[in-house]
Structures are given as structure tokens and as C-alpha cells.
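Colleague: Build the full structure now, drawing on both the sequences and the hints.
Each protein sequence line maps, in turn, to chains P and W. Per this note's numbering, the first sequence starts with residue 515, numbered consecutively. Per this note's numbering, the second sequence starts with residue 22, numbered consecutively.
If you're looking for bench data, these hints aren't it; they were derived computationally from the structure. The model shown is predicted, which means the values in this text are computed figures rather than measured ones. Treat the hints with care, as some may be off.
Straight-line distance between alpha carbons at most 16 Å, and here's what the computed EDC-like set of lysine to aspartate or glutamate pairs gives [to be verified]: (1) 581/P x 544/P; (2) 554/P x 28/W; (3) 47/W x 26/W; (4) 555/P x 28/W; (5) 555/P x 26/W; (6) 558/P x 26/W.
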Amino acid sequence: DTAVSQTPKYLVTQMGNDKSIKCEQNLGHDTMYWYKQDSKKFLKIMFSYNNKELIINETVPNRFSPKSPDKAHLNLHINSLELGDSAVYFCASSQEYFVSGGQGVTSGDTEAFFGQGTRLTVV
Amino acid sequence: SQQGEEDPQALSIQEGENATMNCSYKTSINNLQWYRQNSGRGLVHLILIRSNEREKHSGRLRVTLDTSKKSSSLLITASRAADTASYFCATVFFGNEKLTFGTGTRLTIIP
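Modeller: Okay, here's the thing in C-alpha cells:
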């Protein structure tokens with residue numbers, strides 16, 4: 515019973531192509547994320563959705579477009595793939611998003627559950 | 022950058038020894054978490070420590086947090102070959118709605 519599943523696990527494609535990575539979580543979580551892990555193992559957040567609403571959009575080229583049809587799914591579509599897009603992309607989910615400050619409401623005592631990753635190779 | 026930094030970048034020890042990894046960060050945190058990543062796999066949450074806590078245990082894991090030094094350490098006691106993995110600290114900063122990961126420590130346990 516996989517908690518966070520992403521497909522495909524491996525993706526090899528040519529420059530200029532458009533591809534999608536799918537992610538689904540069966541944990542009933544409200545928040546989902548996309549992270550990119552480069553060759554040096556550095557993990558960087560790309561997007562975060564809470565209840566289908568975009569919460570975090572880091573400085574990511576607009577060739578990357580996340581889509582959340584419902585709170586259990588967060589797909590990542592990439593247009594015009596470039597060599598530098600080669601990396602491992604991880605989907606993750608958490609029970610709530612990491613809210614801090616604001617109007618005295620704090621959260622963040624929640625762990626993130628990760629998918630197995632999608633290794634994207636652009637040739 | 023708010024990214025944490027782990028130290029050392031790589032660590033090799035004999036099975037049965039204790040392994041200690043350190044994490045430093047730059048701004049005030051809500052909590053700090055440690056994750057493990059086995060080769061070719063996703064990250065697995067190990068332990069969470071809140072900013073008002075100083076030490077936490079889970080099985081063979083012991084995490085400490087020193088907010089005055091903005092640092093945390095992860096101790097794995099009686100290491101096993103299966104502990105071979107990369108270990109990441111991750112922080113939730115005040116005023117920032119994201120879990121930010123450190124650079125990771127690659128731990129190798131030699132049988």
C-alpha cells in the first residue's frame with residue numbers, strides 16, 4: 515500500500531519534448547509538494563499545493579506547470595525540456611502545510627512523506 | 022540562503038560504532054527534522070524536534086538541538102550496515118511556509 519506514488523520512475527526523453535510526471539497520495543493529506551534533487555543531492559522545493567491551491571511557487575521556469583485536479587493528486591508538466599532539467603523529481607505530501615507567523619497560528623509539526631522519485635534524463 | 026548545512030559531507034565507520042552528524046542553519050526555526058534517503062529511493066522521516074526541545078530519542082537515534090548555536094546533531098548508536106544512507110536535516114523557518122533541506126551527509130557503515 516504505497517502512501518505517495520509517482521509515475522514514471524524513470525523518464526528518458528529528448529530536448530524540446532513535453533513530459534508529465536504524476537503523483538498520487540492515499541494518506542488523506544491536504545498538502546502536496548514537488549522537490550527537485552540535483553546530481554549533488556541538493557533538494558530544492560519547487561511547488562506546494564494545499565487543498566488544490568498553489569501555496570509555494572519557487573523561482574522555477576514557467577516551462578514547469580503543476581496541476582492539482584484534487585487534493586490527492588499533484589502532477590508536474592514540463593514543456594520544452596532542456597538538458598539542465600535532468601534530475602530526480604520527488605513528490606511529497608504532509609498533513610498540513612508549514613504555516614508560521616501570520617496571525618499567531620503556527621503549525622509545522624508535521625512530517626513529509628515522499629514518493630520514490632522520478633529520474634528524468636534529458637538527452 | 023536559509024538552507025541548512027550538514028557536517029561532515031561524508032562519513033564512513035565500522036559496524037557497531039556510533040555515527041554523529043551535525044546540521045547548522047541560519048535563522049530562527051519552528052522545528053527541525055531529520056530524514057534518511059537510501060540510494061535510489063525517496064526520503065523517509067526519522068525524527069522531528071521542536072524549537073523548544075533540546076533532545077529527543079527514537080530507538081537508536083538521538084537528536085539534539087541548540088537554538089543558541091543554530092545547530093542540531095543526529096547520533097546513531099550501534100550502527101548497522103542497513104544504516105548506510107544519506108541523512109538530511111530539514112527546517113521550517115518562522116515566516117516561511119516550506120520545509121528546507123540541508124546538503125546531506127553520506128553515511129557508509131563498513132561491515
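Colleague: Flag every earlier hint the structure violates by its number, smallest first.
Modeller: Result: no hint breaks.
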